[in-house]
Structure formats: C-alpha cells, structure tokens
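Per the working numbering, residue 1 is the first one in the sequence shown, and the count goes up by one each step.
Hints listed in this document are in silico derivations from the structure and should not be mistaken for laboratory results. Among these hints, one or two may not hold up.
EDC-like mimics (lysine to aspartate or glutamate), calculated; alpha carbons at most 16 Å apart, straight line [to be verified]:
#1 K57 <-> E14
#2 K57 <-> E12
#3 K4 <-> D50
Computed spacing ranges between beta-carbons, pair by pair [to be verified]:
#4 K57 <-> L18: 31 to 41 Å
#5 K66 <-> I33: 32 to 42 Å
#6 K28 <-> H52: 14 to 24 Å
#7 L24 <-> G48: 16 to 26 Å
#8 I33 <-> M1: 12 to 22 Å
#9 A25 <-> M1: 35 to 45 Å
#10 H46 <-> A25: 26 to 36 Å
#11 V42 <-> P6: 11 to 21 Å
#12 N38 <-> M1: 26 to 36 Å
Quick caveat, the model's predicted, so the values are computed rather than measured. All C-beta atoms, glycine included, are put in the ideal place defined by N, C-alpha and C.
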Amino acid sequence: MLPKLPRLTAREAEARLLAAGFALARSKGSHRIYLRGNTRLVLPFHAGEDLHPKIIKQVIAATEKKAED
Numbered sequence: 001m002l003p004k005l006p007r008l009t010a011r012e013a014e015a016r017l018l019a020a021g022f023a024l025a026r027s028k029g030s031h032r033i034y035l036r037g038n039t040r041l042v043l044p045f046h047a048g049e050d051l052h053p054k055i056i057k058q059v060i061a062a063t064e065k066k067a068e069d
C-alpha cells in the first residue's frame with residue numbers, strides 16, 4: 001500500500017518550492033507559475049484550501065529532483 005500524501009495548502013507548497021530553488025516567474029489570476037531551470041510548475045493559489053492530490057504529487061516530485069533539470 002502506498003503511503004498517504006500530506007495535506008498541503010498553497011502557502012505550504014510555495015514554501016517547499018522556494019526552498020528547493022524555484023522562483024516565482026509570474027502569476028495570472030489565482031495561479032502562480034514557478035520556474036527552476038527547465039522545470040515549470042503551476043500552483044493554484046486559493047487561500048485556506050488544500051491542494052488536489054495530483055498537484056501535491058507534482059510539488060513533491062519537482063522538489064525532489066535535482067536543480068539541473
């Protein structure tokens with residue numbers, strides 16, 4: 001059985017991305033786009049709501065990759 005994913009809000013996910021070397025490239029509406037090298041991640045930023053598990057998987061995968069990507 002797979003381990004459960006953590007519940008993350010957009011602020012918590014943003015903190016993980018910034019700590020992993022991502023930079024805020026731009027924002028459009030309620031979505032923020034972060035870049036690190038060739039890796040781009042779009043984070044829906046709705047205050048107080050937990051992120052969808054698919055987005056959480058993308059954040060975890062992106063922060064565990066090396067910065068050369």
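Against the structure, the hints come out as follows:
{"no.": "1", "hint": "K57 <-> E14", "result": "holds (14 Å)"}
{"no.": "2", "hint": "K57 <-> E12", "result": "holds (14 Å)"}
{"no.": "3", "hint": "K4 <-> D50", "result": "holds (14 Å)"}
{"no.": "4", "hint": "K57 <-> L18: 31 to 41 Å", "result": "violated (19 Å)"}
{"no.": "5", "hint": "K66 <-> I33: 32 to 42 Å", "result": "violated (21 Å)"}
{"no.": "6", "hint": "K28 <-> H52: 14 to 24 Å", "result": "holds (18 Å)"}
{"no.": "7", "hint": "L24 <-> G48: 16 to 26 Å", "result": "holds (20 Å)"}
{"no.": "8", "hint": "I33 <-> M1: 12 to 22 Å", "result": "violated (34 Å)"}
{"no.": "9", "hint": "A25 <-> M1: 35 to 45 Å", "result": "holds (37 Å)"}
{"no.": "10", "hint": "H46 <-> A25: 26 to 36 Å", "result": "violated (19 Å)"}
{"no.": "11", "hint": "V42 <-> P6: 11 to 21 Å", "result": "holds (20 Å)"}
{"no.": "12", "hint": "N38 <-> M1: 26 to 36 Å", "result": "holds (34 Å)"}
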